[in-house]
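Q: Sequence:
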Amino acid sequence: MTAPFRLNDSQREAVRLLGGPARHILLRGGSRSGKTFVLVRAVVIRALKAPDSRHGIFRHRLTALKASVLRDTFPKVMRMCFPQVGWKLDRQDCVVTFPNGSTIFFGGLDDEQRTEKILGLEFATVYLNEASQISYGARNMLLTRLAQKTGLAVKEYIDANPPSMGHWLYVLFESGIEPKSGEPLADRSLYATMILNPQANRDNLSEDYLASLESLPEREKRRFLYGEYQSVVEGALWRLEMFRREAAVTAQSRADVAARMRRILVSVDPSGAAGPEDYRSDEIGIVVCGVDAAGVGHVLEDLSARDSPAGWAARALRAFDEWGAERIVAERNFGGALVEGTIRSVRAHASVKLVTAARGKAARAEPVAALYEVGRVVHHGRFTALEDQLCHFSVSGYRGPRSPDRADAMVWGLSELMLAGRGGMTGWSSSGFSLAR
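Residue numbering for the sequence shown follows the numbering used here, beginning at -17 and increasing consecutively.
Rather than coming from a laboratory, the hints here were simulated on the basis of the structure. Possibly wrong hints are sitting among the right ones.
[Claimed, not checked] Here are the simulated DSSO-like pairs of lysine-lysine, each with C-alpha atoms no more than 30 Å apart in a straight line:
no., residue 1, residue 2
1, Lys203, Lys343
2, Lys48, Lys70
3, Lys58, Lys99
[Stated by the list, open to error] Taking CB as the label site, the calculated pair distances span:
no., residue 1, residue 2, range
4, Ile27, Asp169, 24 to 32 Å
5, Leu103, Ala49, 49 to 57 Å
6, Asn186, Arg53, 14 to 22 Å
Keep in mind that this is a model prediction, so the values were computed, not measured. The C-beta atom is built at its ideal place from N, Cα and C for all residues, glycine as well.
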């Protein structure tokens, strides 16, 4: 005879939290700690409570969501917790329908057409699965759809293996700061978080699996076993407390902020990306930096994106115009002729300076990090992705998962503004040129 299904103690505590007054709830923790199971179960309960209600479960990539949730966790939840409830799956649209007319929409955020479909719907619940992979902008887009009127209070559910402290999840849920503006949350009581870890779910895990987590290197163990945010890498050049902040720049404040600057540059760290869908390639780092009359550096805007050559060139030139920048600084190493030709194809007379990476990333970054150490750089708002990359630089190299495109662009810009000709630029070989020639 099959034993009756029971939630573990941590899951029962999570259920109480999910049904409480908080509107935005994050369950974070180690790998296979039961987060996804309890959240899918909560979404199903809400769907069954409110006839004709609509709920959404989202992940960065639809293929991953199908494999892990739609084909695995969701059927398991229905079989173990709701064996008496029928449901029908529309495989083409990835929509589950219940007998009471309620639906659960399973969506990926990596495709423009799928995103447009999401924008045409309203939900009573949105659930972000593996949110460490989801951008803050995509999350905010989903919140605009959290508007369906039912008998339920609208809810945002989130799960994640905790990323670094520079990620928007940490800033929002742990620090109580709105990541984009840098302002404190207006009502922090609407946000709640708790940890679920594999040890509490050991009845559903093999001892070998738990042993494999125990044997991970310390940094990975802290994330995937203990569910801890990654502070920074050992010997990091940047730490979160080093970031001085002013208000984020808006269209209304840009002219006033620009007027305070003695010089402004747009710096570009190009990649080989063919377009927005080229996920095999890194993003193109595009960062606007300035220096004021007191010699303080300012990181004004991060416009980095995965884009086509024409797309990133247009983006950089638009920033050049909006900020009244004196020039664009671009790294030569990824095909100097390509960089020059790309920008020339969009605007023949742009002022551009190519710089050459004669030293490694960490060696180039150290003099800039020293400026932060003494409080000589200010960030206008929170640049979560950029700051996360900076916190992965150590004296022994870059420890992040992919290329630090945003950080590289920022380093080029601040180095050109604050260190060129002062002995801090050893190893730089730069050549200015005019595209008007």
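Q: Compare the distance between the alpha carbons of Lys203 and Lys343 with 30 Å, and conclude whether the hinted pair is satisfied.
A: At roughly 27 Å apart (the allowed maximum being 30 Å), Lys343 and Lys203 satisfy the hint.
Q: Lying within 24 to 32 Å: is that true of the beta-carbon distance Ile27 to Asp169?
A: At roughly 25 Å between Cβ atoms, Asp169 and Ile27 fall inside 24 to 32 Å, so the hint holds.
Q: Is the gap between the beta carbons of Asn186 and Arg53 within 14 to 22 Å?
A: Given a distance of about 18 Å, which is inside 14 to 22 Å, the answer is holds.
Q: Tell me if the straight-line CA distance from Lys48 to Lys70 falls inside 30 Å.
A: holds, 15 Å
Q: Looking only at beta-carbon atoms, does the pair Leu103, Ala49 fall within the given range of 49 to 57 Å?
A: violated, 23 Å
Q: Could you grab the alpha-carbon distance between Lys58 and Lys99 and see if it respects the 30 Å cut-off?
A: holds, 27 Å
The structure fails hint 5 only (numbered hints given earlier).
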